[in-house]
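Letter by letter, the chains look like this.
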Amino acid sequence: MKFQVRMPGEREGRTVVVTAGAPAFEATLENAVLTGDALEVRDGVWSLVGRDGRQIEVSVAFQKDGSVRASAEGALFGFELLDELTARALLTTGGRAAKRVRHVAAAMPGRVLRILVGAGDRVIQGQPILVLEAMKMENEVKSPRDGVVASVESAAGQAVSQGDVLLRFEAGGE
Amino acid sequence: METSRSSAPRLLIANRGEIAVRIIRACRDLGISPVAVYSEADRGALHVRLADYAVAIGPPPARESYLVPDRILAAARTTGATLVHPGFGFLSENADFARRVEEAGLTWVGPASASIAAMGSKTESRQRMIAAGVPVVPGMTTPAETAEEIAAFGRANGFPLLLKAAAGGGGKGMRVVRGETEVAEAFLRTRSEAKSYFADERVYAELLVEGARHVEVQILGDATGRVIALGERECSLQRRHQKVLEECPSAAVSEELRARMEAVAVAAGKAVNYVSAGTVEFLLAKDGRFFFLEMNTRIQVEHPVTEMVYGVDLVVEMIRIAQGEPMSVTKKPELRGHAIQCRIYAEDPAHGFAPSPGRIRRLRRPQGPGIRVDSGVEDGDVVPLDYDPMVAKFIAWGRDRDEAFRRMRRALSEARVEGIETSIPFFLSLLEDPDVVANRVSTQFLDDWKYEPRRPPEDVVAASVVAAALGSMEGAKKRRPGAAPAGGETGPSAWRNARASFGARE
Chain A
13 MKFQVRMPGE
23 REGRTVVVTA
33 GAPAFEATLE
43 NAVLTGDALE
53 VRDGVWSLVG
63 RDGRQIEVSV
73 AFQKDGSVRA
83 SAEGALFGFE
93 LLDELTARAL
103 LTTGGRAAKR
113 VRHVAAAMPG
123 RVLRILVGAG
133 DRVIQGQPIL
143 VLEAMKMENE
153 VKSPRDGVVA
163 SVESAAGQAV
173 SQGDVLLRFE
183 AGGE
Chain B
104 METSRSSAPR
114 LLIANRGEIA
124 VRIIRACRDL
134 GISPVAVYSE
144 ADRGALHVRL
154 ADYAVAIGPP
164 PARESYLVPD
174 RILAAARTTG
184 ATLVHPGFGF
194 LSENADFARR
204 VEEAGLTWVG
214 PASASIAAMG
224 SKTESRQRMI
234 AAGVPVVPGM
244 TTPAETAEEI
254 AAFGRANGFP
264 LLLKAAAGGG
274 GKGMRVVRGE
284 TEVAEAFLRT
294 RSEAKSYFAD
304 ERVYAELLVE
314 GARHVEVQIL
324 GDATGRVIAL
334 GERECSLQRR
344 HQKVLEECPS
354 AAVSEELRAR
364 MEAVAVAAGK
374 AVNYVSAGTV
384 EFLLAKDGRF
394 FFLEMNTRIQ
404 VEHPVTEMVY
414 GVDLVVEMIR
424 IAQGEPMSVT
434 KKPELRGHAI
444 QCRIYAEDPA
454 HGFAPSPGRI
464 RRLRRPQGPG
474 IRVDSGVEDG
484 DVVPLDYDPM
494 VAKFIAWGRD
504 RDEAFRRMRR
514 ALSEARVEGI
524 ETSIPFFLSL
534 LEDPDVVANR
544 VSTQFLDDWK
554 YEPRRPPEDV
564 VAASVVAAAL
574 GSMEGAKKRR
584 PGAAPAGGET
594 GPSAWRNARA
604 SFGARE
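Residue numbers (this note's numbering), protein chains in the order written: chain A, 13 to 186; chain B, 104 to 609.
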């Protein structure tokens, strides 16, 4: 099985080829051949023992946006992992990066306390657009881009769930 | 068992989460029967399941449950509780509630409501302290009615100012104001936070002493009139005015300075006839002068570091003292070793510390020599959105500061929390910072400190990539065509498509 892996901050993906699956795995990452014993202790928690005896416990979680979140040895990091077909398909359509930010969604569940902008307002990237209360803290939500507010989709006092659209931008306007 | 439980005195804990569990443990050590209260969001919470009795007190928002004195008093009546411990936050520093507990013939585990009232209003407590000869930072002597009063104070005394909730504490409802243009919005927001957290919207301003440390002294007083000090805690590492890491003792405090701070703290306690555990907070300026900040008339989040170093169970002492007994500490215990505490929050350090409520799928607690974990959650529990995001406290003790730090790094690396994000990676980076290690810090230190996740070594990255690839192949194997993807993720995702295509080929 062949995969493309891309670490954050890297433009070029790396190729991973798995020639033998768990438990006696064999994989090639770029030019390095990795072999050893892999045990999925429980869902998403792996213990890998390399041929040299090096043991690494890794937790991997597949995120909604297609990325992988890994934690191991006190480090927490993310990367993209795609099988070759999908990677190629994304390449021909221009990839996810080409998507424009058309709205602002709640990054966490909470309650809208105040709305600082209105429809038709021109906003700049980083400008506070509303205040969201969650876990007893007031969190300023900032505009992710320059643009013109098309509509405000939330009201002061309203409870929102993660992912709810709070505000939409007009097309273009950047 | 039933006979001993029904004859034991009952103590109602007017709180939730970690501190409620901590108080339950003290009750067990004293043979007291713990009574929990819970909102609808906390029906399954650990503090409820560890209690002998539990009473529902309302919907999830704190102002409709944990902050409603009538519901808590009714719960005490229903269960026959004779003692009420408020913990920290919520109603812990609400003198009206303490008075109502006293008037209902119940025992308040804390200082007398009159002491809370005297110290609870930051402006009144300042005047009391000035009268008792305790040094204070220049500030407004009465709460501000308008933003203009704050602006006028700033014009007369200079900026920056610190805007504070008059009834506040625990770092909630505080905001730095760097100039006159920031006054209006800061006033509005601090008032609104003060109202939602303390049910009291009054705020006031004082000068911000820049570059200072936050050092506080633990005191303990009993009904015999005795007040003792149990050393200091270094709490300078704060984010948004919330302490995140605390130490006992402070590496910045000499024996001579400790003696002076303890003497002032005891004088402050005696000035308000203080009975129970309390904390006198000071700003320690770079030049060694110290100023009274406020007195917290309750148990503090960071009390375990004092307990580890002085060998005193402060919550047990509070309950004994509330029952009219003298403190069990007959002579002042010796300072032994060094302890640090990390507050583990359900928040995502990689995304601006956004709250991260949810279900904890997996929790591995650190253990071993020198490690204490005080937590309000276990495997499978849900961290609700409605409350403070602190889920656990890791405390490490060592013979010296260096050993305590090494043990804390070990504990943080050993811990695993899956399902929610936590501040553990933040602490792992923080404890490697040379300035933190050398204790070159101030209360502003974290304002300028940028969290950089630790870079994992190449072999760890490679192992993770391999594990993810193997996991995706296993996931595809387990799934029959058309079945939902493993993990239950929903929504369109390239990753899901990738796995589906494996399934089709296998």
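Check each hint, because a few of them may be wrong.
What the hints assert, rightly or not - Covered by chain B, according to a simulated footprint, are these stretches of chain A (three or more residues, beta-carbon under 8 Å): (1) 53-59; (2) 70-79; (3) 130-139; (4) 143-149; (5) 153-166.
Said to hold, decoys possible - Quick partial rundown of chain B residues pointing at chain A, CB under 8 Å, derived from the structure: (6) Phe-191; (7) Ala-302; (8) Pro-458; (9) Gly-471; (10) Ile-474.
Note that these hints are calculated values from the structure, not bench results. All residues carry an ideal CB built from backbone N, CA and C; glycine is no exception.
(request) Identify every previously stated hint that the structure contradicts and give their numbers, smallest first. (result) Going through the list in order, the structure violates hints 3, 5, 6, 7, 9 and 10 and respects the others.
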